[in-house]
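Protein chains in written order, with the numbering used here: chain W, 150 to 437; chain V, 6 to 270; chain B, 0 to 256.
Quick caveat, the hints were computed from the structure, so don't treat them as lab data. A couple of the hints might just be wrong.
Dumping the calculated DSBU-like pairs for lysine-lysine here, alpha-carbon to alpha-carbon at most 35 Å [said to hold, decoys possible]:
{"no.": "1", "chain 1": "V", "residue 1": "Lys22", "chain 2": "V", "residue 2": "Lys119"}
{"no.": "2", "chain 1": "V", "residue 1": "Lys22", "chain 2": "W", "residue 2": "Lys164"}
{"no.": "3", "chain 1": "V", "residue 1": "Lys118", "chain 2": "W", "residue 2": "Lys164"}
{"no.": "4", "chain 1": "V", "residue 1": "Lys119", "chain 2": "W", "residue 2": "Lys164"}
If you want the footprint, here are the derived chain V segments under chain B, 3+ residues with CB under 8 Å [what the hints assert, rightly or not]:
{"no.": "5", "region": "40–53"}
{"no.": "6", "region": "125–131"}
{"no.": "7", "region": "193–200"}
Over 10 Å on every C-beta distance to chain V, these chain W residues come out as not near it, computed from the model [to be verified]:
{"no.": "8", "residue": "Leu173"}
{"no.": "9", "residue": "Pro265"}
{"no.": "10", "residue": "Leu386"}
{"no.": "11", "residue": "Leu406"}
If you're wondering where the values come from, they're calculated on a predicted model, not measured in any experiment. All C-beta atoms, glycine included, are put in the ideal place defined by N, C-alpha and C.
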Amino acid sequence: MIRFERVTYSYPQTKRPALRDVQLQIDEGSWVAVLGANGAGKSTFCAAVAGFIPHHFRGELYGRVLVNRTDTAATPLSELVTQVGFVFQNPLNQFSGAKLTVAEEAAFGLENLGVPREAMIRRVEAALEWMGLQTVADRSPYALSGGEQQRLALACILVLEPRILVLDEPTSQLDSAGTREVYDSLRSLLASRHLTVILVEHKTEWIAQYADRVLVLNEGAVVLDGSPREVLAHADLSRLGVNPTRYTIAARAARDLGIWPSDRGLPVALEEAVEGFRLLQEPEGIRP
Amino acid sequence: MGKTGLAWEADRLQRIKSDFTTLTWALIPVAVVINIVVGHIVQDILKLPIYLDSVGTILVAGLAGPLAGAMTGFLSDLLWGVIFSNPAIMPFAITAFCIGLVAGLWAHLGWFKKELPLVLGMVLVAGVGGLLILIQAVNSGPLGAGLALVLTVVVLILTALRVFPALVVVGGVLTGLVAAVVSAPIAAFVFGGVTGSGTDFLVALFEATGSNILQAALGQGLVSDPFDKFVSFCVVWILLRSLSRRYLVRFPRGSDLVQEQPIEA
Amino acid sequence: MKRSFFLLRSSGWHTLYPLTKLVVVMAVLLVGLAAPSPIVPLALCVIVILPLVAWAQILREWLRASAIVLLPFAISVLLIQTLFFPGATHSFMSVGPFALKEEGLFFAFGTIARLLLLAGAGLLLLLSTHPADMMHALEQHGLPPALAYIAVAALELVPQMQARAESIADAQRARGLEIEGSFLTRVRGLVPLLAPLVLSALSDVDERAMALEARAFSARRAKTSFKPLVDTKRQSVIRWCLVCGAIVFAAAEVLIL
Numbered sequence: 150m151i152r153f154e155r156v157t158y159s160y161p162q163t164k165r166p167a168l169r170d171v172q173l174q175i176d177e178g179s180w181v182a183v184l185g186a187n188g189a190g191k192s193t194f195c196a197a198v199a200g201f202i203p204h205h206f207r208g209e210l211y212g213r214v215l216v217n218r219t220d221t222a223a224t225p226l227s228e229l230v231t232q233v234g235f236v237f238q239n240p241l242n243q244f245s246g247a248k249l250t251v252a253e254e255a256a257f258g259l260e261n262l263g264v265p266r267e268a269m270i271r272r273v274e275a276a277l278e279w280m281g282l283q284t285v286a287d288r289s290p291y292a293l294s295g296g297e298q299q300r301l302a303l304a305c306i307l308v309l310e311p312r313i314l315v316l317d318e319p320t321s322q323l324d325s326a327g328t329r330e331v332y333d334s335l336r337s338l339l340a341s342r343h344l345t346v347i348l349v350e351h352k353t354e355w356i357a358q359y360a361d362r363v364l365v366l367n368e369g370a371v372v373l374d375g376s377p378r379e380v381l382a383h384a385d386l387s388r389l390g391v392n393p394t395r396y397t398i399a400a401r402a403a404r405d406l407g408i409w410p411s412d413r414g415l416p417v418a419l420e421e422a423v424e425g426f427r428l429l430q431e432p433e434g435i436r437p
Numbered sequence: 006m007g008k009t010g011l012a013w014e015a016d017r018l019q020r021i022k023s024d025f026t027t028l029t030w031a032l033i034p035v036a037v038v039i040n041i042v043v044g045h046i047v048q049d050i051l052k053l054p055i056y057l058d059s060v061g062t063i064l065v066a067g068l069a070g071p072l073a074g075a076m077t078g079f080l081s082d083l084l085w086g087v088i089f090s091n092p093a094i095m096p097f098a099i100t101a102f103c104i105g106l107v108a109g110l111w112a113h114l115g116w117f118k119k120e121l122p123l124v125l126g127m128v129l130v131a132g133v134g135g136l137l138i139l140i141q142a143v144n145s146g147p148l149g150a151g152l153a154l155v156l157t158v159v160v161l162i163l164t165a166l167r168v169f170p171a172l173v174v175v176g177g178v179l180t181g182l183v184a185a186v187v188s189a190p191i192a193a194f195v196f197g198g199v200t201g202s203g204t205d206f207l208v209a210l211f212e213a214t215g216s217n218i219l220q221a222a223l224g225q226g227l228v229s230d231p232f233d234k235f236v237s238f239c240v241v242w243i244l245l246r247s248l249s250r251r252y253l254v255r256f257p258r259g260s261d262l263v264q265e266q267p268i269e270a
Numbered sequence: 000m001k002r003s004f005f006l007l008r009s010s011g012w013h014t015l016y017p018l019t020k021l022v023v024v025m026a027v028l029l030v031g032l033a034a035p036s037p038i039v040p041l042a043l044c045v046i047v048i049l050p051l052v053a054w055a056q057i058l059r060e061w062l063r064a065s066a067i068v069l070l071p072f073a074i075s076v077l078l079i080q081t082l083f084f085p086g087a088t089h090s091f092m093s094v095g096p097f098a099l100k101e102e103g104l105f106f107a108f109g110t111i112a113r114l115l116l117l118a119g120a121g122l123l124l125l126l127s128t129h130p131a132d133m134m135h136a137l138e139q140h141g142l143p144p145a146l147a148y149i150a151v152a153a154l155e156l157v158p159q160m161q162a163r164a165e166s167i168a169d170a171q172r173a174r175g176l177e178i179e180g181s182f183l184t185r186v187r188g189l190v191p192l193l194a195p196l197v198l199s200a201l202s203d204v205d206e207r208a209m210a211l212e213a214r215a216f217s218a219r220r221a222k223t224s225f226k227p228l229v230d231t232k233r234q235s236v237i238r239w240c241l242v243c244g245a246i247v248f249a250a251a252e253v254l255i256l
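Just chain W, with the same shape it has in the complex:
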């Protein structure tokens, strides 16, 4: 469980806060997507969940961030990492760079924590299996495809067995096949291990499909918070610098033309849109 208690934060050497009075609670096992324009505070929000704020960035933090009831500001980062895992945009930057094989790279975090070798081997094997990387365990991390590299980055964090995963645009460097690989691995993990996922992602189509809660940030404040249905079809979304899904855009265009009934909600995912447009073609009377 994550709780933000009236959190306001400014980076060093700046006056304008990057997070403004954020107050929310995220329950265990939920998949939360974070949206917003560039500079809206998405990465800052993630850094606050993982404790990089205030530990890594310093700056001025007001309020409290609680992760599983511990105050992140009062816990060293090296202890927080076993509770909150953080995955970044660019896989190449998050590899230690000091390991020659996929398995060694995955073990790096456990080495730092001083985990005994037998336990380390077991946990590395498990994490590689969750991410579907057993077959490449002896290859160089740099010889993998983009999707594989990002899954390895995830495995490197999963070996630490955190309860919460924070992913800051993990698929921005991937094509749609790579994106699907990463999301499907995540979804099966979520189901089997009951993890909480916090995800920054621009591709709203994916969010509609996978997330169960969406936050929209603007100038450091949470301005929209709800289910993907509520938030992604919200009239203010574009104004807040977030692209609605292409299904919402199509249905909204249809509504503006008077084809889509104005009392019916707009779809956010493909299935809903297909269903909605199919209904349009059938006369009201013979609707089952």
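We have chain W already, so just place chains V and B on it with the hints.
Same frame as chain W, now just chains V and B:
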């Protein structure tokens, strides 16, 4: 009340320890590779008569202190030997270590951020140039002194035109002087004075005009190094100005490198 | 630019613990370079290094790499020192206005012999030991893990930076920048090539640091190792013998000879 020697030592140890944050450990490998790749591009691709293989070292020395800079330099030379299969150059890692140490000292004294009045700056640059000329005159005669004079005139003009701040120029030339003094015995005893590179003609020239091998090696170093380190310091100064203040102050000694400024809105 | 020139072979030398190889090479260098006579390094090269190179099955590559390191240097030192050796009085030949000096020739041979040993022994180690394995071994013997980390991380970063440098060079060339030609043209190429490279590399540092933090890099506990230790008791004994032997030999050379 004066501190006891032991307490003072403990303070210093604490300071050194606080230089090695995770950010520093992440910076050092990047800086090592900057040294190697930039040096390789300048020497082997652009084929310019300059080493420019200590930009990363000077940068780390400024951002994270003398010891971090020294480690960066030392490691760069070892790795250069590994990557280019040339273990013979590895002894010069000692020179690179010293470059990091002194560059860190200059940065700590605020030489990358202090602006001096023009006249004082010119006097300082002339003083350092004069020192170089004097050492060269004693060590390798009129030829060395003449070459040192040329460098002095060039850096004086650049300072007068306010292209580079006086203390950056002074730091570069002084670092070059230290580098030359440390390198000379290595070059003389390990390599017999020459290194198989373009600067060997200078060694020949100095020997032909009466220097012994150590003097000739020092003479060559005193021509190449002050110029190279002067350029490197200027490059680092330009880099520091193009990096954001917010980025720089996150490093353990970043505030030594940028002027106090009102907080941005 | 490759990361390293490590050559994988299934030789007995390759199966040795990296630290043992390092100690062998260091001991040979100590004994060889402490000797005042150039005969010692030359002899060590022939009777110690060369057989080890053959054992490691890297003879051809070793010869090639040694030649690349030594040739330019050897030519330079021979030329300069036979012509200009300071204070030389005996000349054995004269070419035009120049007298070739005997003392210079001897000095050049002595230097070449020492450098042959330095380069030869060094290359034996470099070509037969992966740097990451070497750092791993040193870490197991007390080198701080952070130091081992920076060495290997830098090595692994080289090809990435090299690729980035090439893509920057291509982009600048496409925009009309010339990096070949006259001296001035090349000087002008300096900033557009290097500034984006260095600045983009530095902008990665923060994310790399956070990624290290995310993996408990700053944990203040005793670290463990995923890779097994392959050292043996026998090798450890051999190493200590080599260290002691080399020190005694080198001291004897300095004091007696």
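Evaluation of the provided hints:
no., hint, verdict
1, Lys22/V <-> Lys119/V, "holds, 26 Å"
2, Lys22/V <-> Lys164/W, "holds, 30 Å"
3, Lys118/V <-> Lys164/W, "holds, 24 Å"
4, Lys119/V <-> Lys164/W, "holds, 26 Å"
5, 40–53, "holds (count 10)"
6, 125–131, "violated (count 0)"
7, 193–200, "holds (count 6)"
8, Leu173, "holds, 27 Å"
9, Pro265, "holds, 24 Å"
10, Leu386, "holds, 28 Å"
11, Leu406, "holds, 45 Å"
Hint 6 alone, counting from the list given before, is not met by this structure.
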